[in-house]
Amino acid sequence: MKLKRTHTCGQLRRGDVGAEVILNGWIHSRRDHGGLIFFDLRDRYGKTQVIFDESVAKAAFAKAKGLGMEDVIAVRGPVVARSTENINPKMVTGEIDMSCTELEVLNEAEPLPFLVTDRESANEDLRLTYRYLELRTEQLQHNLITRSKIYQLVRSYFTGEQFLEIETPFLMKSTPEGARDYLVPSRIHQGKFYALPQSPQIYKQLLMIAGYDRYFQIVKCFRDEDLRADRQPEFTQIDVELSFVDEEDIFAIVEGLIGRLFKEIQGVQLPAAFPRLTHREAMERYGTDKPDLRYELELQEFAPFVEPSDFNVFKAVLKSGGRVKALVATGCARYSRKDIDELTAWLTRYHRAKGLAWMKAAGDGLEGGIAKFFGDDLQKEIITQLDVKEGDLLFIIGDRAKVALPALGALRVELARREGLVNTDEVRPLWITDFPLLEFDEETQRHVAVHHPFTAPHADDIQLLDTDPGQVRSRGYDLVINGHEIAGGSIRIHDANLQDRLFRLLGISPDEAEAKFGFLLKALRYGAPPHGGIAFGFDRLVMVLVGTGQIRDVIAFPKTTSALSLMDGAPSEVSEEQLKELGIRLDEKMKDSQ
RNA sequence: GGGACCGUAGUUCAGUUGGUUAGAACGCCGGCCUGUCAAGCCGGAGGUCGCGAGUUCGAGUCUCGUCGGUCCCGCCA
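Taking the numbering used here, the leading residue of the first sequence gets 304, the next gets one more, and so forth.
Since the hints were made in silico from the structure, they are not lab data.
Heads up, some of the hints might be wrong.
With a Cα cut of at most 30 Å, we get these calculated DSS-like pairs of lysine-lysine [unchecked claim]:
hint	residue 1	residue 2
1	K618	K705
2	K452	K495
3	K566	K393
4	K657	K683
5	K657	K641
6	K883	K862
7	K692	K593
8	K622	K452
9	K675	K622
10	K523	K819
11	K692	K641
12	K883	K495
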């Protein structure tokens, strides 16, 4: 190219008027007036309007005639001021034009599959197929530029706090527990496989044992599970681990980082310390372990009103050890029977609830739904105790605790969405603490780790490990922001005997523990310091910081819901030779389907 | 593994109860036009109605299957 840029397309201002400049970029849009042509020339820094005037530069004008959207050009000419009535207040460069005297066409673009000016102009599958075009859109450029800033802020924060950035292997040993591994076959050791890390958990604990007492890494992780709007099979974590610490040290470090990120990216000042909720309290009040605190609408205890009532369904629920809780939907008495039926259908379909009971507040009593099972005095008591106001709608769910609380929690989120209760300017971080250490898995009929098997049990509950493992609290914690689980971590077990005991509790035999985690158990015997850490879902953090609900909006080249890369066609078949080298033979059925 | 919604021109969509030649906007091509910034005006080209079967005298429309996308449940230590 002959004309190399002297400025970017977002740079020129009134003060540059008179300067001779060269700009390089893409033709974002063109407006042809016959003897006068306007281009908006775009690069990632912004847009500048370029004018081609037949009477000023005949050759450049003639070439510009034939150009169209997304052609790549270089233009030379003076910066000229716009007359007052021609100033475009919507553009930061709107007070000036660049009057082109020389034009070099760097590359002409074929007609586009969709408009780069408008992200909504194509379905997502088409945009993903031409992801490099979608990445030219303002929104995605903004998201990726912000993401880049966040990497830098994270690195400068942690290195400023004396953390070391250390890389850990991508080709590692497959371990049981947790998500399905992505496997990588070994050529040198045919029949054996590496696994891509679900997280660098064990490595960072080994780094603590090695004495690197403050470690962090911005690292890709891989989990072969089904996708969601906020979940990709490969994603990025900010992985952090510290030695000689307890929960308070971790919280302080994280609060410092999150505070700085929101200050720098959003200009929002967060409190120096974040509020904390125990897991139990979060479930009781919000029906979820990741509550969105930007709105109230808390779950309320309804059990006291069940016994004096005539509603036998709830009585039976309580008798069998279940829970009955309520949600007071402010001003929702206007909901029609159809609205309520829709909510009921949604809850039974997606949240395993058997039903959704309701009553409307009218006058000084309750009516509709199950109101007839509650006497006048009992209704008045409900209204007083639950602070029900005229025009409110009372939703009640009775079921096993595992169903009733999450279902009502889901209803809370849905009602907030419908009623527009979410203040999108607010940022509400909080810590969830005191998770249960173990959870009984019905399918495999054994206990599984709620967090992971290296999480330390709460000191007060260790004696319960053998008698009532389900009641043991862990030293795990989650950071939740606006209803998104942003980070999770724990104080780890640094005692080999306790770790051994945990493996046994999880139904991992001594032999298996030795085979799968022997290296960790051995390392714990060579002077392991007390340690703990946390891992951030980096993509989700970026989502919250740029204000999108879709993880694909913050990843340059994401996969579809079925884990395909529409642009390059991954995953794809490989040659017989490649398979042979790896000692792999495909199932006949798969060959047929190819 | 399961559920819901979607697939019509390059793109976004409309298309009535199953009925003549499947429309609009943007984009593209050609023409006019010297102050637009969603430029405007005139004209033109452009369709395997995702794919396959079925029902029917007749299918973009109904049924089944299949492929792809999105969202959700399960799953995600």
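Okay, the hints, checked on the actual structure:
With a C-alpha separation of about 18 Å, the suggested pairing of K618 with K705 holds against the 30 Å cut-off. Annotation: proposed proximity of K452 to K495 is violated, straight-line Cα distance about 40 Å (limit 30 Å). Using a Cα cut-off of 30 Å, the hinted pair K566 and K393 holds, with the two alpha carbons roughly 26 Å apart. The hinted pair formed by K657 and K683 meets the criterion: a straight-line CA distance of about 27 Å does not exceed 30 Å.
Among the hinted pairs, K657 with K641 is consistent with the structure: their alpha-carbon atoms are about 18 Å apart, no more than 30 Å. With a C-alpha separation of about 28 Å, the suggested pairing of K883 with K862 holds against the 30 Å cut-off. A hinted pair counts as satisfied when its Cα atoms are at most 30 Å apart, and K692 with K593 qualifies at roughly 28 Å. Between the alpha carbons of K622 and K452 the distance comes to roughly 56 Å, so the proposed pair goes past 30 Å and is violated.
Taking the CA atoms of K675 and K622, the gap is about 21 Å. The hint holds against a cut of 30 Å. Restraint check: the Cα-Cα separation between K523 and K819 comes to about 22 Å, which is no more than 30 Å; the hinted pair holds. Of the pairs offered as hints, the one joining K692 and K641 holds, with about 22 Å between alpha carbons and a cut-off of 30 Å not exceeded. This hinted pair checks out: K883 and K495 have alpha carbons roughly 14 Å apart, not beyond 30 Å.
Consistency note: the structure conflicts with the earlier hints numbered 2 and 8.
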